[in-house]
Structure formats: structure tokens, C-alpha cells
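Protein chains: 2
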Amino acid sequence: MKRFKLTVAYDGANYCGWQIQPNGITIEEVLNKKLSGLLGDDIRVIGASRTDSGVHALGNVAVFDSDTTIPPERLAYALNRQLPKDIVVVKSEEVPMNWHPRYCNSVKTYEYHILNSKIPDPTRRLTRYFVSYKLELDKMKEAAACLVGEHDFASFCNVRTNVEDTVRTIYRLDIEESGDEVTIRIIGNGFLYNMVRIIVGTLLRVGRGFYTPDRVKNILEARDRQAAGVTAPPHGLVLVRIDYKS
Amino acid sequence: MKRFKLTVAYDGANYCGWQIQPNGITIEEVLNKKLSGLLGDDIRVIGASRTDSGVHALGNVAVFDSDTTIPPERLAYALNRQLPKDIVVVKSEEVPMNWHPRYCNSVKTYEYHILNSKIPDPTRRLTRYFVSYKLELDKMKEAAACLVGEHDFASFCNVRTNVEDTVRTIYRLDIEESGDEVTIRIIGNGFLYNMVRIIVGTLLRVGRGFYTPDRVKNILEARDRQAAGVTAPPHGLVLVRIDYKS
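From first to last, the protein sequence lines stand for chains A and B.
Using the UniProt record's numbering, the first residue of the first sequence is number 1, and each one after it goes up by one.
Using the UniProt record's numbering, the first residue of the second sequence is number 1, and each one after it goes up by one.
Same shape as in the complex, but just chain A (with noise of 0.2 Å):
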């Protein structure tokens, strides 16, 4: 028995999300029937990032156990015959067994595109969040620097499972406009239910003048839910990489 590594790029505008559910289709059950008709064996991923309904990814990580003699390199090329265009394998690696996407130590990057214009552009409308009001953003800079470093981020988790441990690191919030974009990148250790979305939820409420920067302290330390803003929508997220430490 060997085990592999699947880094995994997908659109996720026609998923529900990650993790198999019984009310539509996931990237987590399509993998699973691709690779179980390709191995002919019944193929189970455990995924690093269980990405919501909507949500895109460039490098999220599934592992999956298989006694296949198919080089781990050309497993990518075979697979992606079989998926649809939405979702294609970008690197496929043997591991040692004993490694687990989601016990490893590992430094995940979000990024987050908005869409800040008077005029709404329906070629972008899966991939972007679309502001149409003029966005501060050197406030927005200074509420994020704010929530930088090591913090219980209890404020911005949506409350669905039970978390012991709030407590997370960002090492990096940067935003960046380019044209009529502007990207929210973020770089941590690992993030809590919907922290990203919260985050930036958070963040456009200064932008528009409705929080000041240093409010985004006070939310922080509130340590509730309630005090920060809403959730921004899925579709302008993306899970960028994920990199192991060991």
C-alpha cells in the first residue's frame, strides 16, 4: 500500500463545496468515483481544506491509499482524463503513509477578489465579489494589520462545530487593487469556519466608512461572533496553496 498526494485546482461555482453531502455533488465524491473507476478499487480522499459551496481552489490537498503500479507523477495525467474540465489535478506524489493532510504543520494562503466598479461584469460574476460603493483602502490597511499575528479570532467563526481552540496566527493580510480589483490575501496557520469570509466581511464594512480601523481591534477582542460584520459571499474566495512545513 502506497499513499499519494493530489494537489487540486477547481472552479467551485457548480459544487457544493468540498465534503461529500447529500444534497448535490462535491469535489470530494467526484474525485472519489474518478479514482476508484481509474484504480478499480473503492478510492476514499481525506481532503486539507473542506472549501464551502462556491469557494475556488488553485492548491487544495487530498491523500488517498492504493496499491497502484502507476508512477505517482502520472497519476495527475490519467486522472484528469477522466474529471470534468472544472476540476483538474495539478501534481500527484507518493508520500510516506504515515502523512495526513490535516495533521501536518502547514501555512495556508487565501485570497479574496473583489470586483470594485460602477458596472458589474457577468464574465466575472462566479470569481469576483462585485462592490460597486468606493472602498477606503488605507483603512482597510490599517484595520488588517490589526488582526496580523497570533490571536483568538473567536469573533470570526461562524459557530457550526465545536472549536476548543480559537486561537490562530496570520502571518500575512495584504491588499492589493490592480485596475478595478482588489485582492485580500491572506497567509496563516490554519483558519476557523468561515474566518476568511468574516475577515473580509469585516474589512469592506471600514472601507465603506461603516467601522473605523481601530474598531476591528475591539471585534477582535470581543471574542463574539455578533460584534464583527457579515460573512462575504463564496465566490470571490480562493484557496491559493498550502505549503507543509515538515
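None of these hints come from the bench; they were simulated from the model.
Just so it is clear, the structure is predicted and the values come from calculations on it, not from any experiment.
Be a bit skeptical, because a hint or two may be false.
No farther apart than 27 Å at their CA atoms in a straight line, the calculated lysine-lysine pairs in the BS3-like style are these [claimed, not checked]:
| id | chain 1 | residue 1 | chain 2 | residue 2 |
| --- | --- | --- | --- | --- |
| 1 | B | Lys134 | A | Lys91 |
| 2 | A | Lys118 | B | Lys91 |
| 3 | B | Lys134 | A | Lys134 |
| 4 | A | Lys91 | A | Lys2 |
Starting from the known structure of chain A, arrange chain B on it as the hints suggest.
Below, chain B alone, put in the same frame as chain A:
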């Protein structure tokens, strides 16, 4: 009776192009249906550019006649509430009854978007042509310069209808690189059938080293479609805007 001009943006991925045809749903058909429903009359739009299946637009133009009392600038808003999300009317205005989107002097701007990377990106698969080989941009720019100006573009026209006059003027042909994307922007006073996509297909041959930049001059002089490169696929193409001189 009044004449109304619509500026229309759309994601062409799910449409069989602009012009009504028996084999699938088109932009023209959807606009006619929604306008007819909204205005309680049998409305038929006339489009400026009959874009192909899969081609996108940020600023195609259409006109129609109606005796509606809805203020011209409010039509866009009312129509967008009815339209599917991949079609957006970005502007509506009244024009003189003799104004025609195809008979007026106009300058059209097209962009062709290329993802030039080793790794495909499923989130951009419907709006970028994925080219994994290295492109020699300097040579492409040299070749592009040969095409600027007034020329007989017969070599860059796929035969479909009788075209008496294949002389057109390209005002600008710019090639820009940004990150992993290459954008070819073409501004001209009119374009033959598939002209932009054949120009792009030909420039890509230069970029790959199959054609010298000089060969593009010979292709132009040949006035023969067989001389030029293949037609680049539709999904990289966007009709950006149409500016009317009068």
C-alpha cells in the same frame, strides 16, 4: 416610436453566440424575449456585433424601437431584473430613429486573453485560452506591428458569407504581459469574420517560433486564408467596447 440603444455585457460560455439560430439559445433571443415581456410588445433587437459561440462582451451594442414610457436610462435597471446573471445591460439610452449600430462609423476594441502557464487554472478555463508553451513576446510584438494600418485582411477571414471588401484599418494592436496572462488588444474600424481570432492564432505561431515575424507580412500580402495560422478558440475573446464617431 422611439429608438433605444443598449450597451450589453455577457459571459458567452453558455450561449450559441449573439445571433438567433435553431441549435441553441443566443444572446439576441434572450434579449428579445425579456424585452418583449417587459414592454408587452414583440421587440426585436438589432446588434452591432454578432459574436460567435463562447465569445464574451463587455460592451456590445443593440438597438430596438418601442413606444414605452419607461425613461430610457431606467430600462437597463428594469431589464437586468429579468435577465439571467450572465447577461447585463450596462447602459440604456435613447438615440435618433435613424441611428443604426452597424451603419454608423465605429471603432471596436477587442481583447484576447491567454493564460500562459505550465499549470491550467479551472477558474479561468472559460475566459482565458490556456497556452503552456513559452511565448516570445518581442517577436509577437514585431509581427503585430506589420498588421497595424489599412490593409486587405483577406488572409485573416474565414469564408462564410460574401464579403466584397476585405480592407480594414487596425489602429492599434498591443500585446501586454501581466503575471501569467498575456492580453492581445486590437482596436480597429471593423473586423472580418473570425479576423481577431485568426490574427491571434497567427501571432501565437510567431510566439512559439514556428513563424518569423516577417512571415506575417507575407501572409497579409498573400490574401489567402490558407496562408495564415489557425483560428484561436472563441473563449479567450472579449468584445470590450464600440465607440461611435458620429
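Checked hints:
| no. | hint | in the structure |
| --- | --- | --- |
| 1 | B:Lys134 x A:Lys91 | 20 Å, holds |
| 2 | A:Lys118 x B:Lys91 | 11 Å, holds |
| 3 | B:Lys134 x A:Lys134 | 39 Å, violated |
| 4 | A:Lys91 x A:Lys2 | 16 Å, holds |
Consistency note: the structure conflicts with earlier hint 3 alone.
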